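Chain residues, written in single-letter form:
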Amino acid sequence: DGGITQSPKYLFRKEGQNVTLSCEQNLNHDAMYWYRQDPGQGLRLIYYSQIVNDFQKGDIAEGYSVSREKKESFPLTVTSAQKNPTAFYLCASSISSGENQPQHFGDGTRLSIL
Amino acid sequence: ILNVEQSPQSLHVQEGDSTNFTCSFPSSNFYALHWYRWETAKSPEALFVMTLNGDEKKKGRISATLNTKEGYSYLYIKGSQPEDSATYLCAFRAVNQFYFGTGTSLTVIP
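Protein chains in written order, with the numbering used here: chain C, 1 to 114; chain P, 1001 to 1110.
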């Protein structure tokens, strides 16, 4: 079955450490997205990528970095510069960013600071 | 950052009741309005993508309408069932970015 796989489901980070959240899709989608959810807030866009080797910042990109070396993969690194990284992170993909197609989501990763 | 608002925040209805909720969004730079259903411990699932003013879409007992001139969309559920219990999210698409509301949490009581 096609879908989006996020790993791990739960992640713990010590202060000052970088951690990388994995997102893999086998839907052959061009566009991929990373969102962050905090209590009482809607999903907020961190980064998105419309095509391999290209990505753009969303509204809350500070303290995060991404890469898009393969179509299937869009890992998100939470750096030590992100002062409040505890949150639920969702990865999504869509056929392309130019078409009005729905997004498909992974199951999410919950990141906590030790 | 664009403001997308959903109301009510939460809703409890009896099985068999019909219900509706609202998504409000900016009326300028409109590309599309998405509705998603998010069940606990699962990933959000797409319900509708709406693009034209006056659009009405239907999927089983769930339907949605769109008014881009005044910036709102309604989601209707007819004859609610316990399996409809979920959080319903709307997302406003502006160019290549999506702006999500905080969702309406629906609980259907058997």
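These are computed hints drawn from the structure, not numbers from a lab.
Predicted model, so just to flag it, every value in this text is computed and none were measured.
Think of the CB as a built atom: it goes at the ideal place given N, C-alpha and C, for glycine as much as any other residue.
Careful, some of the hints might be misleading.
[Stated by the list, open to error] Straight-line Cα separation of at most 25 angstroms, SDA-like style, residue types lysine to any residue; simulated pairs:
no. : chain 1 : residue 1 : chain 2 : residue 2
1   : C       : LYS57     : P       : LYS1059
2   : P       : LYS1059   : C       : GLN101
3   : P       : LYS1042   : C       : GLU72
[Said to hold, decoys possible] The calculated label-pair distances, taken between Cβ atoms and stated as ranges, are:
no. : chain 1 : residue 1 : chain 2 : residue 2 : range
4   : P       : ASN1096   : C       : ASN18     : 25 to 31 angstroms
5   : P       : ASN1020   : C       : THR79     : 29 to 35 angstroms
6   : P       : GLU1015   : C       : LYS57     : 33 to 39 angstroms
7   : C       : GLU69     : P       : ILE1109   : 29 to 35 angstroms
8   : P       : TYR1076   : C       : GLY63     : 25 to 31 angstroms
9   : C       : THR20     : P       : GLY1079   : 26 to 32 angstroms
10  : P       : GLU1083   : C       : SER67     : 36 to 42 angstroms
11  : P       : ASN1096   : C       : GLU62     : 15 to 21 angstroms
12  : P       : GLU1039   : C       : ILE113    : 26 to 32 angstroms
13  : C       : ASN18     : P       : LYS1057   : 26 to 32 angstroms
14  : C       : LEU27     : P       : SER1007   : 42 to 48 angstroms
15  : P       : ALA1041   : C       : GLU62     : 44 to 50 angstroms
16  : P       : ASN1067   : C       : SER22     : 16 to 22 angstroms
[Claimed, not checked] Over the 10 angstroms line for every Cβ pair with chain P, so calculated as not near, a few chain C residues:
no. : residue
17  : LEU11
18  : ASN26
19  : TYR48
20  : GLN101
21  : ASP107
22  : ILE113
Against the structure, the hints:
1. C/LYS57 - P/LYS1059: violated (34 angstroms)
2. P/LYS1059 - C/GLN101: Holds. P/LYS1059 to C/GLN101 sits at ~16 angstroms (cutoff 25 angstroms).
3. P/LYS1042 - C/GLU72: Holds, at roughly 21 angstroms.
4. P/ASN1096 - C/ASN18: 25 to 31 angstroms: holds (27 angstroms)
5. P/ASN1020 - C/THR79: 29 to 35 angstroms: Violated, at about 43 angstroms.
6. P/GLU1015 - C/LYS57: 33 to 39 angstroms: Between P/GLU1015 and C/LYS57, where Cβ atoms are some 45 angstroms apart, the hint is violated.
7. C/GLU69 - P/ILE1109: 29 to 35 angstroms: Between C/GLU69 and P/ILE1109, where Cβ atoms are some 49 angstroms apart, the hint is violated.
8. P/TYR1076 - C/GLY63: 25 to 31 angstroms: violated (40 angstroms)
9. C/THR20 - P/GLY1079: 26 to 32 angstroms: violated (46 angstroms)
10. P/GLU1083 - C/SER67: 36 to 42 angstroms: Because 39 angstroms falls inside the window, the suggested range holds.
11. P/ASN1096 - C/GLU62: 15 to 21 angstroms: holds (19 angstroms)
12. P/GLU1039 - C/ILE113: 26 to 32 angstroms: Roughly 28 angstroms apart at Cβ, these two residues keep to the hinted range, so it holds.
13. C/ASN18 - P/LYS1057: 26 to 32 angstroms: Given a distance of about 43 angstroms, which is not inside 26 to 32 angstroms, the answer is violated.
14. C/LEU27 - P/SER1007: 42 to 48 angstroms: About 33 angstroms separates the Cβ atoms of C/LEU27 and P/SER1007, which means 42 to 48 angstroms is violated.
15. P/ALA1041 - C/GLU62: 44 to 50 angstroms: At roughly 30 angstroms between Cβ atoms, C/GLU62 and P/ALA1041 fall outside 44 to 50 angstroms, so the hint is violated.
16. P/ASN1067 - C/SER22: 16 to 22 angstroms: Because 40 angstroms falls outside the window, the suggested range is violated.
17. LEU11: holds (17 angstroms)
18. ASN26: Nearest chain P Cβ is 15 angstroms from C/ASN26, so the label holds.
19. TYR48: Violated, since 7 angstroms does not exceed 10 angstroms.
20. GLN101: Not fine: 7 angstroms to the nearest Cβ puts C/GLN101 too close to chain P.
21. ASP107: violated (5 angstroms)
22. ILE113: holds (23 angstroms)
Taken one by one, the earlier hints fail for this structure at numbers 1, 5, 6, 7, 8, 9, 13, 14, 15, 16, 19, 20, 21, listed in ascending order.
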